[in-house]
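Residue numbers (full-length UniProt numbering), protein chains in the order written: chain A, 1 to 146; chain B, 1 to 146.
Note that these hints are calculated values from the structure, not bench results. Possibly wrong hints are sitting among the right ones.
To be verified - Taking lysine to any residue pairs in the SDA-like style, the calculated list, with each CA pair at most 25 Å apart, reads:
(1) Lys49(A) - Val78(B)
(2) Lys49(B) - Val78(A)
(3) Lys40(A) - Lys40(B)
(4) Lys40(A) - Ser64(B)
(5) Lys11(A) - Tyr68(A)
(6) Lys34(A) - Gly43(B)
Claimed, not checked - Residues from chain A that keep clear of chain B, each with C-beta distances beyond 12 Å, as calculated:
(7) Arg14
(8) Pro25
(9) Pro28
What the hints assert, rightly or not - Covered stretches of chain B (chain A as the covering partner; in silico rule of three or more C-beta atoms under 8 Å from a C-beta of chain A):
(10) 36–42
(11) 48–54
(12) 59–66
(13) 82–92
(14) 99–109
Here a beta-carbon is modelled for each residue, glycine too, at the ideal position from N, C-alpha and C.
Protein chains: 2
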Amino acid sequence: MGGNSPCASCKLLRRRCAKDCIFAPYFPSEDPHKFAIVHKVFGASNVSKMLQELPFDQRTDAVSSLVYEANARMRDPVYGCVGAISYLQNQVSELQMQLALAQAEILCIQMQHDQATIVDSGGIVCRGSASPFLLASTIKHLFVNN
Amino acid sequence: MGGNSPCASCKLLRRRCAKDCIFAPYFPSEDPHKFAIVHKVFGASNVSKMLQELPFDQRTDAVSSLVYEANARMRDPVYGCVGAISYLQNQVSELQMQLALAQAEILCIQMQHDQATIVDSGGIVCRGSASPFLLASTIKHLFVNN
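Isolated chain A, as found in the complex (with noise of 0.2 Å):
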């Protein structure tokens, strides 16, 4: 950050680290991997105008979210980050399956709860919310969204 002590990028790229350094307050010298890493993916230049593009309060997510990104692609370099989107997209749609299977089983339980009631009471007795509509659309749903 100036003067004896120059930031990871600046030590990096071997030059002068001034004391508006756009990196030293992202990146010190004790984490040189930090840097070194979205140098590597990004570029140092490509970084730098990507944060004075940005203001003040918002760089410090910034940086986070670019070495999160610069270490997806060097532990996966062919999917980087994208390979983690489309995990959960994966896991997102599989939940939205196993949970619209689950809510059309309560719709059947309560349907057989309440068939067994009309027949143990030898009457017509509307007991719970089920109907076979219900159960229908959210099977259509189930299969419309999967």
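For this one, chain A is given, so just place chain B on it according to the hints.
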């Protein structure tokens, strides 16, 4: 792709498009925006290095994921792709909670049904798989995981 029609990358970088240009198969001249955006976020030199380090059959996927990441960074300069990952992780947590609740509801309904059966028949009848132990473990799972 060499000769009279340079690829989008060579056109933007104002250089001759060689026959073995690494960008040409993935950045056709008809789609200049595709290269412009990865160049702005990652830099042409970094994209070239990343592609060179990959076998040919993985380069198309790598370019697609780089374009996706670059677009996400342009839309959201602070969080980029990481914003989407965070959103999806929250969605997964929310769905896991809803699923655990639905599963607990199934057990509750089954237990109520079992109790009604015992009362109706005036004896000890065991119908369904619900038990207080299962219900407790489902609820415990719900609170431990959320």
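Checked hints:
no.: 1; hint: Lys49(A) - Val78(B); in the structure: holds, 13 Å
no.: 2; hint: Lys49(B) - Val78(A); in the structure: holds, 13 Å
no.: 3; hint: Lys40(A) - Lys40(B); in the structure: holds, 15 Å
no.: 4; hint: Lys40(A) - Ser64(B); in the structure: holds, 19 Å
no.: 5; hint: Lys11(A) - Tyr68(A); in the structure: holds, 22 Å
no.: 6; hint: Lys34(A) - Gly43(B); in the structure: holds, 19 Å
no.: 7; hint: Arg14; in the structure: holds, 18 Å
no.: 8; hint: Pro25; in the structure: holds, 16 Å
no.: 9; hint: Pro28; in the structure: holds, 21 Å
no.: 10; hint: 36–42; in the structure: holds (count 3)
no.: 11; hint: 48–54; in the structure: holds (count 3)
no.: 12; hint: 59–66; in the structure: holds (count 5)
no.: 13; hint: 82–92; in the structure: holds (count 8)
no.: 14; hint: 99–109; in the structure: holds (count 6)
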